[in-house]
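Undergrad: Residues per chain, in single letters:
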Amino acid sequence: MQPSDFERHGFAAGMREGFVAFLPVSVGLIPWALVVGMAMTSAGFTPLQAMGMNIIVFAGTAQLGTLPLIVDNAPLWLIVTTGLALNLRFLIFSAGIAPGFRGIGTGWRWLCGHLLTDGSFAVCYDKLMQVDNPRWRLGFYLVTGVWTWLLWQTFTLAGIFAAGIVPKSWSLEFMATIALIVLLVPMAKARPMLVAAIVGGGSAVLLRSMPLRLGVVTAICLGIAAGFAAEHWQEKKTA
Amino acid sequence: MNYDASLWLIFILLGLATTLPRAGFIVLGNRFSLPPTLQRALRYAPAAALAAIVVPDVLLVGGSVEPINPKLAAAIAAILVATRWRNPWLPFIVGMAVLLGLKAIFPS
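Line order of the protein sequences matches chains L and E.
Using this note's numbering, you'd call the opening residue of the first sequence number 1 and step up by one each time.
Using this note's numbering, you'd call the opening residue of the second sequence number 240 and step up by one each time.
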């Protein structure tokens with residue numbers, strides 16, 4: 001094979017390898033998508049509204065996390081700020097993985113950015129740093145993003161219709177709370193992360209009577225500060 | 240429950256609050272990067288935000304702290320299961336079983 005052929009065919013080769021690497025990881029999306037679909041229906045969304053949110057927002061954690069606020073008629077700024085806080089990890093992923101898109105056009109970068117999820121970041125990071133051929137990298141990354149998108153939309157839709165036939169007394173909306181717990185538990189294994197969660201959760205309860213539900217945002221800030229302080233304290237102790 | 244058109248405004252703003260953090264640095268490339276200290280601090284935002292939503296949800300009943308309630312018991316069960324086993328379905332099965340079981344035994 002000529003080097004030029006390799007360049008031309010790099011995209012498909014990248015896609016194949018990306019798919020093989022990503023397939024086992026992507027299975028974990030299925031229960032999560034089902035739960036988000038059910039939660040949106042339990043929140044009173046019509047199937048059209050639920051799929052609208054799913055396609056426009058395309059972020060399970062931010063969708064689930066803001067649902068209770070939307071149901072409660074919370075002010076718009078609080079809903080958006082909470083969504084932003086839940087998405088801040090993507091700012092870090094984006095900054096980390098950005099060098100992996102060297103030599104790739106701006107349009108593709110927007111698409112890749114929109115499709116950035118925890119799973120794609122975890123599977124693609126090393127490859128994107130190591131491989132030189134930009135087409136191969138684009139193929140490898142995009143297949144993980146597009147596959148995530150397809151699985152996500154399909155199984156959320158399944159969840160939306162499953163929730164429609166389940167009686168209200170089954171308290172399906174609690175599945176959303178369990179889903180948030182399932183996300184939180186592995187995070188909180190690191191000590192400073194646990195501190196951030198305890199302080200964030202505890203202050204949200206203590207500050208619940210603050211006006212305009214400012215308590216939630218204040219609690220998130222206190223949690224971040226506490227986690228950061230705990231990290232420094234831990235470093236000093238081990239140093 | 241019915242929602243008006245403002246629901247779509249919420250979706251669009253939440254969509255921006257998702258795509259901009261995701262795409263920002265990928266689109267900007269090497270022209271701009273976050274200070275490392277800020278990056279480290281921001282790592283705690285998701286855990287703090289998740290807890291700030293979950294804890295009041297399971298600890299409060301009608302606005303006051305209620306340390307003995309079915310939701311809290313179900314949440315603790317889900318945490319224990321998620322800590323011990325990697326099966327993604329188990330926390331949902333056990334958590335919902337505890338919640339519905341307790342609600343059936345102690346109807347409010």
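Each hint should be verified, as a subset may be incorrect.
Rough simulated footprint, nothing fancy, chain E against chain L, three-plus residues with beta-carbon under 8 Å [claimed, not checked]:
| hint | segment |
| --- | --- |
| 1 | 20-26 |
| 2 | 79-88 |
| 3 | 123-136 |
| 4 | 144-158 |
| 5 | 197-211 |
It is worth saying that the hints were derived from the structure and are not from the lab.
These numbers come from a predicted model, not from an experiment.
Where a beta carbon is used, it is the ideal one built from N, C-alpha and C, also for glycine.
Undergrad: Quick check: the segment 197-211 of chain L, covered by chain E? Criterion 3+ residues, Cβ under 8 Å.
TA: Since 10 is at least three, the answer is holds.
Undergrad: Under a C-beta cut-off of less than 8 Å, do 3 or more residues of the segment 144-158 of chain L approach chain E closely enough to confirm the stated coverage?
TA: As far as the segment 144-158 of chain L goes, the hint is violated, because 0 residues have Cβ atoms under 8 Å from chain E.
Undergrad: Has the segment 20-26 of chain L got at least three residues whose CB is nearer than 8 Å to a CB belonging to chain E?
TA: With 0 residues close enough to chain E, the hint is violated.
Undergrad: Has the segment 123-136 of chain L got at least three residues whose CB is nearer than 8 Å to a CB belonging to chain E?
TA: violated (count 0)
Undergrad: According to a criterion of three or more residues whose C-beta lies within less than 8 Å of a C-beta of chain E, is the segment 79-88 of chain L covered?
TA: Since three or more residues must qualify, the claim that chain E covers the segment 79-88 of chain L holds, with 9 doing so at under 8 Å.
Hint check: violations occur at hints 1, 3, 4; the rest are consistent with the structure.
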